[in-house]
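Under our numbering, the residue at position 89 of the sequence shown is numbered 104, and the numbers go up by one with no gaps.
Keep in mind that the hints were calculated from the coordinates and are not lab data. Don't be surprised by glycine CBs; every beta carbon is placed ideally from N, CA and C. Check each hint, because a few of them may be wrong.
[Unchecked claim] Heads up, simulated DSSO-like pairs for lysine-lysine below, C-alpha to C-alpha not over 30 Å straight-line:
1) Lys24 <-> Lys83
2) Lys167 <-> Lys151
3) Lys74 <-> Lys84
4) Lys149 <-> Lys182
5) Lys24 <-> Lys36
6) Lys149 <-> Lys90
7) Lys90 <-> Lys55
8) Lys36 <-> Lys83
9) Lys149 <-> Lys181
10) Lys181 <-> Lys167
11) Lys84 <-> Lys55
12) Lys151 <-> Lys55
13) Lys74 <-> Lys55
14) Lys149 <-> Lys162
15) Lys162 <-> Lys102
16) Lys102 <-> Lys66
17) Lys102 <-> Lys149
18) Lys192 <-> Lys149
19) Lys74 <-> Lys24
20) Lys24 <-> Lys90
21) Lys36 <-> Lys55
22) Lys84 <-> Lys36
23) Lys167 <-> Lys192
24) Lys24 <-> Lys84
[Unchecked claim] Label pairs and their in silico Cβ distance ranges:
25) Thr189 <-> Glu139: 17 to 27 Å
26) Arg30 <-> Asp69: 18 to 28 Å
27) Lys83 <-> Lys192: 36 to 46 Å
28) Lys83 <-> Gly135: 16 to 26 Å
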Amino acid sequence: MEITQLHIKNMVCPRCIMVVKQAFDQIGVEPLSVELGEVKLNDELTTEQQKRLDDLLQKNGFERIDDKKVRLQEKIKTLIIDTIHHKDPYDTHIQWSAFLADQLHYDYNYLSGLFSSMAGITLEQYIIRQKMEKVKEFLFYDELSVKEIAYKMGFSSVAHLSNQFKKVIGMSPTEFKKSIQNTQSRKSLDQII
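Please construct the entire structure, taking both the sequences and the accompanying hints into account.
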């Protein structure tokens, strides 16, 4: 029995895992495991099962990935999103270059170059943008001070966080808190580029 790995684009949260599991239920296939961006199966899918799965995934905003470089880019995104948005407590002293190289078993310069060429922004910019979305979430729920958010997100100071926030979001964290009534202020994590 050979284990088959499928790579699924845009899986960024536990709810995504649930939706992808439901898609496999609908085609009558029981996965060995479903994780962010990856599904393991006992056997290969038939052509008909692949077609039905692709249709179900697409209806829910997902896509099966066949290209090796695209899969690696999605793994990078998934790892960053999972680390920033779903790990608690957040490791404030993470060295992204070492972390990504260690987790993905590629040289960081290769990962960074691949990501930049495919996404149109640098890996560092992507990480900052993801962090800013998490900061927006903290500000939205108003449970932490800006100083606590800066510490939790690994910024050296409130000023450093505020400068990055203003550069990416276009306003200071304080201005953002005042404008929270704007429902367009938060983005879906898979839409950040």
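Evaluation of the provided hints:
no.: 1; hint: Lys24 <-> Lys83; result: 12 Å, holds
no.: 2; hint: Lys167 <-> Lys151; result: 13 Å, holds
no.: 3; hint: Lys74 <-> Lys84; result: 24 Å, holds
no.: 4; hint: Lys149 <-> Lys182; result: 15 Å, holds
no.: 5; hint: Lys24 <-> Lys36; result: 14 Å, holds
no.: 6; hint: Lys149 <-> Lys90; result: 19 Å, holds
no.: 7; hint: Lys90 <-> Lys55; result: 15 Å, holds
no.: 8; hint: Lys36 <-> Lys83; result: 23 Å, holds
no.: 9; hint: Lys149 <-> Lys181; result: 14 Å, holds
no.: 10; hint: Lys181 <-> Lys167; result: 18 Å, holds
no.: 11; hint: Lys84 <-> Lys55; result: 19 Å, holds
no.: 12; hint: Lys151 <-> Lys55; result: 34 Å, violated
no.: 13; hint: Lys74 <-> Lys55; result: 21 Å, holds
no.: 14; hint: Lys149 <-> Lys162; result: 14 Å, holds
no.: 15; hint: Lys162 <-> Lys102; result: 20 Å, holds
no.: 16; hint: Lys102 <-> Lys66; result: 34 Å, violated
no.: 17; hint: Lys102 <-> Lys149; result: 12 Å, holds
no.: 18; hint: Lys192 <-> Lys149; result: 14 Å, holds
no.: 19; hint: Lys74 <-> Lys24; result: 13 Å, holds
no.: 20; hint: Lys24 <-> Lys90; result: 9 Å, holds
no.: 21; hint: Lys36 <-> Lys55; result: 11 Å, holds
no.: 22; hint: Lys84 <-> Lys36; result: 25 Å, holds
no.: 23; hint: Lys167 <-> Lys192; result: 18 Å, holds
no.: 24; hint: Lys24 <-> Lys84; result: 12 Å, holds
no.: 25; hint: Thr189 <-> Glu139: 17 to 27 Å; result: 25 Å, holds
no.: 26; hint: Arg30 <-> Asp69: 18 to 28 Å; result: 20 Å, holds
no.: 27; hint: Lys83 <-> Lys192: 36 to 46 Å; result: 43 Å, holds
no.: 28; hint: Lys83 <-> Gly135: 16 to 26 Å; result: 19 Å, holds
This entry does not satisfy hints 12 and 16, going by the numbered hints stated previously.
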